[in-house]
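Order-wise, the sequence lines are chains A and B. Per our numbering, residue 559 is the first one in the first sequence, and the count goes up by one each step. Per our numbering, residue 5 is the first one in the second sequence, and the count goes up by one each step.
Hints are not guaranteed to be accurate.
[To be verified] Some but not every residue of chain B turned toward chain A, in silico, with C-beta under 7 Å: (1) G46; (2) V51; (3) Y83; (4) G108; (5) L110; (6) R113; (7) V152; (8) H153; (9) D157; (10) H159; (11) S212; (12) S248; (13) Y478; (14) R517; (15) E521; (16) G522.
[What the hints assert, rightly or not] Straight line, CA to CA, 16 Å or less: simulated EDC-like cross-link-like pairs of lysine to aspartate or glutamate: (17) B:K364 to A:E698; (18) A:K668 to A:E585; (19) B:K355 to A:E698; (20) B:K355 to B:D337; (21) B:K364 to A:D636; (22) B:K568 to B:E555; (23) B:K568 to B:E588; (24) B:K568 to B:E552; (25) B:K355 to A:D636; (26) A:K752 to A:D777; (27) B:K364 to A:E785; (28) B:K364 to B:E350; (29) B:K364 to B:D394; (30) A:K763 to A:D777; (31) A:K752 to A:E698.
Because the hints were derived from the structure by calculation, they are not lab data. This structure is a prediction, so every number in the text was calculated from the model and none was measured. All residues carry an ideal CB built from backbone N, CA and C; glycine is no exception.
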Amino acid sequence: MTTRPFRIFRGASGAGALREYATEVSEGMVVLDAVHQIQAESAGDLAVRWNCKAGKCGSCSAEVNGVPRLLCMTRLEDLPADRPVTIEPMRAFPHVRDLVTDVSWNYEVKRQITPFTPRPPDAPDGTWRMQQSDVDRVQEFRKCIECFLCQDTCHVLRDHRLHEAFVGPRFLVHAAALEMHPLDVADRTADLRKAHGIGYCNITKCCTTVCPEGIRITDNAIIPLKERVVDALWDPVAGLARLVRRRT
Amino acid sequence: MDHQAVEHDVLVIGAGGAGLRAAIEAAAAGASVGLVCKSLLGKAHTVMAEGGVAAALANVDDRDDWRVHFADTMRGGQYVNNWRMAELHAREAPARVRELEAWGALFDRTPDGRILQRNFGGHRYPRLAHVGDRTGLEMIRTLQDHGVHQGMDVHMECTILTLLTDGGRVAGAFGYDRERGRFRLFRARAVVLATGGIGRAYRITSNSWEYTGDGHALAYDAGAELQDMEFVQFHPTGMVWPPSVRGILVTEGVRGEGGVLRNSEGRRFMFDDIPENYRAQTAASEEEGWRYTQGDRDARRPPELLTRDHVARCILREVREGRGSPHGGVYLDIAWIRERLPGAAEHIRRKLPSMYHQFKELAGIDITTTPMEVGPTTHYIMGGIRVDGDSQMSTLPGLFAAGECAAGLHGANRLGGNSLSDLLVFGKRAGEHAAAWAGAHPPAPIGPDQVEAAARRALEPFDRAGSGDAESPYRLQQELQGMMQDEVGIVRTEGQMRRALEGLAALRRRAARVAVEGHREYNPGWHAALDLANLFTVSEAVARSALEREESRGGHFRDDRPEKTAEGATFNVVVRRGADGGMEVIRRPVAPMPQELQEVIDANA
Ligand SMILES: Cc1cc2nc3c(=O)[nH]c(=O)nc-3n(C[C@H](O)[C@H](O)[C@H](O)COP(=O)(O)OP(=O)(O)OC[C@H]3O[C@@H](n4cnc5c(N)ncnc54)[C@H](O)[C@@H]3O)c2cc1C
Ligand code: SF4
Ligand code: SF4
Ligand code: FES
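For reference, chain B alone in the conformation it holds in the complex (with noise of 0.2 Å):
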């Protein structure tokens, strides 16, 4: 079939922070470089992060360093964490912020002309370097900036479909560019995966249409691994009203600048339940909470900055319990801070410029003077390729992952601020020995026959259009989202997840039957179809992974598992394709760590 050939040797795919990062790297190792995107260059998810990113650069308390940075990532990931990745993340991520500053960042500054840092959930000290609430954007254009600058490709709205591969190793990807509906090959000597998150799979999300789960489901298919994909993210704080803007994050930056969290009663529930593992770090008294937001180094940290697994469990409780808003979520007030601080509206626009815009403009709410309804939504997923520590490299040679889409650093559940990191550190590893590996191994040739099926899949939707049982992508995606927030959600059990594999299984026979109408340009209906695939193994992944780990454990909850056991931190779950097409579970333990690091987290608890 028609189609157009490129050829680098290193294929980066996702242009968010990490395949923008991996690119600059693989580039400055002399590679040439091809960086593909669904959307437009600069439009990525990372785009949107909030908050900050999350480096002991110790400039705001200089008690912090790596070890404590790298306790707290362990403490919260339960500790079911690649500690190889969370070790390199918290020792490099500071000279990685330090780099985007000499590519033209700017930060928020202390008083002595340093980059400020945040307080941010489950991070013992200030540690999110941050540009207001719109830190996602300051690196997102930095990089891309520097990027374009460094040689690379970049091939923009251009969406791949399939990796290519020969004799077990990677080949390059086949994919379609968005504006024209033409096919293109790349052929490549390593491939970096760099596509983002599952979000679109649930209803309620904060994640954009881009979320299919792309990446996971590219490297399943060619052979790779997964792991850790019963832990998804949800962010207790995403808008819930009005209906159409229902999973818009409300950054958590609100909780670490004083916003508290109240039930329907005005009490502030999260002081009713604070797990033991934190309790000795967790603020006594709302008086002590608010002198940790204002600075105070010896107050410790209100409850509303305990992970994000724990507050948006306890939301639910609140809602399910009859005590939320009058829209299905809780309160969360940043403007009582009027009582505290002279010049507070002002404050609060200052520091959360996006916020205040983002109610306003979409709910009509002047956050400095009435409280916002929040309630949890799908956001993260801490589940991915299985990568080596060092490398990045996947199970599947000259195959590397970097950022959302790898699994590893955060184990069960992420801390705010540690993927902007960990797209840097990892991206730029990544990039590292992508380069270093298509230095090493010559092009892999690529059979006809692999592109030829893959085209000829890709234009089935049409052939159906006309059709008397044809089924319409949007309906079956929306179907999917359903059943996965109903089934696979927060809050999970066994029986819910069975019903959610048969319940897919369903969805894919009909998903046999779905057709497009129209042209192959620019067509939403026929990418829709195409993404389809995509979500239905990620999907199955969650689901499937989620029922073999029989205990609850950071972002996974099950209902009639609600302990955590002492075996469960002993392995990750891993999915990959078995010999007879099915998606095969198992268990690999989790490496031992070595004593200096034992010995630091010791030291930090």
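Bound-form chain A, shown alone (with noise of 0.2 Å):
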């Protein structure tokens, strides 16, 4: 066993600071139970957000090191030894207090999204056939954990603050898991392009990137949408990207 130190923003609304804890760790443990241990230790007040611990229910976002991540499945052996480990809530989100954020935002713009509108079921016994080829893309952005995490680091989000004009990465996904959903027959493409603010995304790709489900969400989500509401005038990095694709 050793000690290893640790830096965790402590405060309430934004009002805060980095506080030092220690606590003995073990191999395999990951930061959330690090946490823990230091709320049972000397902490007990201190808030974090968690059910699973099994990096399925998206419930334990915060940032480590500056990095916005699971605290369940980050494991500490995966970080540098050499300095405390910072533990900091998201920047996206209102702060309430210690690591926990209001996400209450990301639930009143995933209603105003046009919901599910199947067709008319392909057998008489109200059922429909589907090969397992067309499901599988939507699959795929069916697999999110509504962890909000490709919403906290979203440049757009993040330090433009754009949350009136822009639903974020986790909402082009769930807007194209509808679009692409093969019995759907909702159009979505008017919203997207007003009301959900597509054009703000300029495909950084941060969003993929901190994915824990491994969702491509630029390459396979908000490209194919961008695609579909083109038009090159109003949205220049689609019609680029297009452009690029065509050649290659």
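With the hints in hand, could you dock these two chains into one complex?
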């Protein structure tokens, strides 16, 4: 057993500071284990959100050494041992307390996206027929655990705070899952362009980098959606991407 | 004391599969619905379910139908199930699964484009509709995304502390919101409990922090009866190494896809002990078992897919007799299938993506080349709130229960996949009947004293902050978990359970001195302190019920009474709060089964 130093953001509503802690760590421990241990030993009221501790629910999102991550899937062994582990709340959302942020904006945004609208059933018993190859692509999007780490990392939300104008990568993935669902017949392109602000995305791919589910957010969801709504004048980035792809 | 008040016709407590399905149904019936959950929406335990949802769709094997599913469920439950629930479940599950597809769920497909089904322990035919190994995520997201457009008020990160009653019927509920720590009062004509399980009463568990038995304790405190609490399911395969991930589930799907269990001598020990009532259905050789997992309709299932209680005990035996793996488990090997299957590594990654990911990330093991180390983990409680099979109403008028917190469907042991289908079938029924009840009954008055008392109780731990003999809530929780693990675990004896009851009494006395520091906003120490009372109630219910059942059956195994008795099949153990405030234990006879259902069972023996 060795003792490792930690710096954890403590405070409420954005006001606060990093505080120093130390706790014993053992083989295989993840950052969330360390936070729990610190909670039980010396900081009983340290606020952290978590549920499954298995990377399945997307509750424990925060920033470890400045990078958006799931606390329960970040092994201490994978972090540099020569300096303290810094743990801070996500930046793109209003701060509540310690490591917890108010993510309710995400739930509001999702409600504004036209829900699933299926075509009439294919068979008299009210069921549909779909091939595995038709559902593969959408299944990738449906792996999303709604951790909102991609939202946290996207500069449009994180730095430019355009929450009013842009739904963010998570909900572009959601819209893509609906638009490419083999049974869905609704058309979301007008909304994507206006209300959902897809044009704000300039394909930096930062969201793809942080996604714990490995969803190819930019390549597989956003770019195809951009192509659907495209109008080269209105969205030069998508127009360019299309041009480049046509040439290759 | 200061609180916000809201009013709904139907209040659903819990937003997992059962709660969401109930809320959707109650809203569809025109009731105003409030949905409360301890966590954020979409994070409930249901999200973790992996293997699939059981329904006799007969897409993969046309010999399947509701009768076979019913008989499998009753056999798995060792015939102390509520047969009416088992019947309704088997009949209605297919429609409930198809409905999910109509709401946007995308299950894996058969070659002819229908919903694909996989093999699972105790199910005679491939019956589990699934999406890789993330079926629960697909289910909760589908229900959540559909539900929020049906008109319901969702109160996230709000914990219910007590149910409010009036003259023997339910009148509402009282709780607090996590973020600010403010109290909330919910008035409701009908309340549906869908709070899930109790796994946090044990040290090694696949369950999250939410599983503190709240719904069980809320119902019990309000005067409702609990049933079958001795039946706790220990899943045979949880991770055992590294220590910090001990207990995390390894889906049965691994065995369904051909994974085998071996001891340190390399022996497939599951062939050594096959229970009499399953012998006819179990493969005679390794070869036959492999063919079964690859869809050969004439092959019988490998013994790795026997019921969970049995597999868990076999693993425990290997470990105790010195044939375990280095970290106190046994080996689960799926990598071996490369001897049989070209492209096995790719196949494993596609069929079991989250297992692949989980071992890679958390244990640094590649399951396509290396066997996993696994051992039993606390997983599910068959017991729960005693309900009417058709309506899901508890013994307290106006209070309904569905999902893991309700009892009956699974009897002494649950088959894998039968929980997700349970949530859908009985969530819908509970929602429907709660809405009907709400339509027929005026709101009940709520006395201010009840509310005052609940609020005062909740704040007591703050009053004790700084006192010399203060106890830490975290510590008490850990001690309780250790004790339940050691004394009321997979294998029990009378002496152990008596010790557990004494230990519980001592912990309760110490809990009266629990203190928390700080503020009310998102204070996990406070929340842990408030959860303790529920954990004590359910732990006591498990221990007392286990003491009452003087035999071994399903998830309940007594070393001092290892045999099943004929009498044991005739009753359910029920606990309720007695007139003196103590826990009363009673035996209630299992209702006689109608002739038609008995014939179904005989025909599928
Ligand atoms: C790892 C894992 C894998 C599994 N795999 C499968 C599988 O493949 N197939 C299968 O059939 N079953 C499986 N199960 C079992 C199944 O997932 C659960 O039994 C089921 O999801 C429980 O659903 P539920 O709706 O009853 O409760 P949950 O989904 O647990 O929801 C409980 C809800 O109640 C809320 N709640 C609890 N207490 C309070 C309170 N005091 N106040 C307010 N809200 C409260 C919680 O916040 C939550 O929203 C698995 C279980 C686990 C742990
Ligand atoms: S690719 Fe688009 S959505 Fe993703 S981080 Fe960059 S700007 Fe944001
Ligand atoms: S797309 Fe990936 S990063 Fe974004 S919310 Fe979903 S899982 Fe998280
Ligand atoms: S706690 Fe569920 S993803 Fe980390």
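A quick look at each hint next to the structure:
A cut of 7 Å between beta carbons decides the hint on G46 (chain B): the least distance to chain A is about 6 Å, and the hint holds. Because the smallest distance between the Cβ of V51 (chain B) and any Cβ of chain A comes to about 5 Å, under 7 Å, the interface hint for this residue holds. Because the beta carbon of Y83 (chain B) sits about 33 Å from the nearest beta carbon in chain A, more than 7 Å, this interface hint is broken. Evaluation of the G108 (chain B) hint against chain A yields a held restraint, the C-beta minimum of about 4 Å falling below 7 Å.
This hint holds: L110 (chain B) has a C-beta 5 Å from the nearest C-beta of chain A, less than the 7 Å allowed. Taken as an interface hint, R113 (chain B) checks out: its beta carbon lies about 4 Å from the nearest beta carbon of chain A, inside 7 Å. Taken as an interface hint, V152 (chain B) checks out: its beta carbon lies about 6 Å from the nearest beta carbon of chain A, inside 7 Å. Annotation: H153 (chain B) was flagged as interfacial toward chain A, and the flag holds, the nearest CB pair being 5 Å apart, inside 7 Å.
Annotation: D157 (chain B) was flagged as interfacial toward chain A, and the flag is violated, the nearest CB pair being 13 Å apart, outside 7 Å. Checking H159 (chain B) against chain A: minimum C-beta separation of about 12 Å lies over 7 Å; hint violated. For S212 (chain B), the shortest C-beta to C-beta distance to chain A is roughly 5 Å, which falls under 7 Å, so the interface hint holds. Of the supplied interface hints, the one on S248 (chain B) holds, with its beta-carbon coming within about 5 Å of a beta-carbon of chain A, less than 7 Å.
Hint status for Y478 (chain B): holds, given a least beta-carbon distance of 4 Å to chain A, under 7 Å. Interface hint at R517 (chain B): violated, since its Cβ lies 15 Å from the closest Cβ of chain A, which is beyond the 7 Å cut-off. The beta carbon of E521 (chain B) is positioned within 7 Å of a beta carbon in chain A (closest approach about 6 Å), and the interface hint is therefore held. Contact between G522 (chain B) and chain A, as hinted, is supported at the beta carbon level, the nearest pair being about 4 Å apart and thus within 7 Å.
For the suggested pair K364 (chain B) and E698 (chain A), the alpha carbons sit about 19 Å apart, so the restraint of at most 16 Å is broken. For the proposed pair K668 (chain A) and E585 (chain A), the alpha carbon gap of about 40 Å is over 16 Å, so the pair is violated. Simply put, K355 (chain B) and E698 (chain A) have alpha-carbon atoms about 14 Å apart, close enough for the 16 Å limit, and the pair holds. The straight-line distance between the Cα atoms of K355 (chain B) and D337 (chain B) is roughly 15 Å, inside the 16 Å bound, and the hint therefore holds.
Our distance criterion of 16 Å between C-alpha atoms is met by K364 (chain B) and D636 (chain A), whose separation comes to about 13 Å. Distance hint between K568 (chain B) and E555 (chain B) is fulfilled; the C-alpha atoms sit about 5 Å from each other, no more than 16 Å. With a C-alpha separation of about 24 Å, the suggested pairing of K568 (chain B) with E588 (chain B) is violated against the 16 Å cut-off. With a C-alpha separation of about 14 Å, the suggested pairing of K568 (chain B) with E552 (chain B) holds against the 16 Å cut-off.
For the proposed pair K355 (chain B) and D636 (chain A), the alpha carbon gap of about 28 Å is over 16 Å, so the pair is violated. Taken as a hint, the K752 (chain A) and D777 (chain A) pair is broken in the structure, with Cα atoms around 21 Å apart against an allowance of 16 Å. Distance restraint check for K364 (chain B) and E785 (chain A): the Cα-Cα separation of roughly 36 Å exceeds the 16 Å cut-off, and the hinted pair is therefore not satisfied. For the hint pairing K364 (chain B) with E350 (chain B), the CA-to-CA distance comes to about 15 Å; that is within 16 Å, so the pair holds.
Proximity of K364 (chain B) to D394 (chain B) is assessed by CA-CA distance (about 45 Å); at most 16 Å being required, the pair is judged violated. About 8 Å separates the Cα atoms of K763 (chain A) and D777 (chain A), which keeps this hinted pair within 16 Å; it holds. Annotation: proposed proximity of K752 (chain A) to E698 (chain A) is violated, straight-line Cα distance about 26 Å (limit 16 Å).
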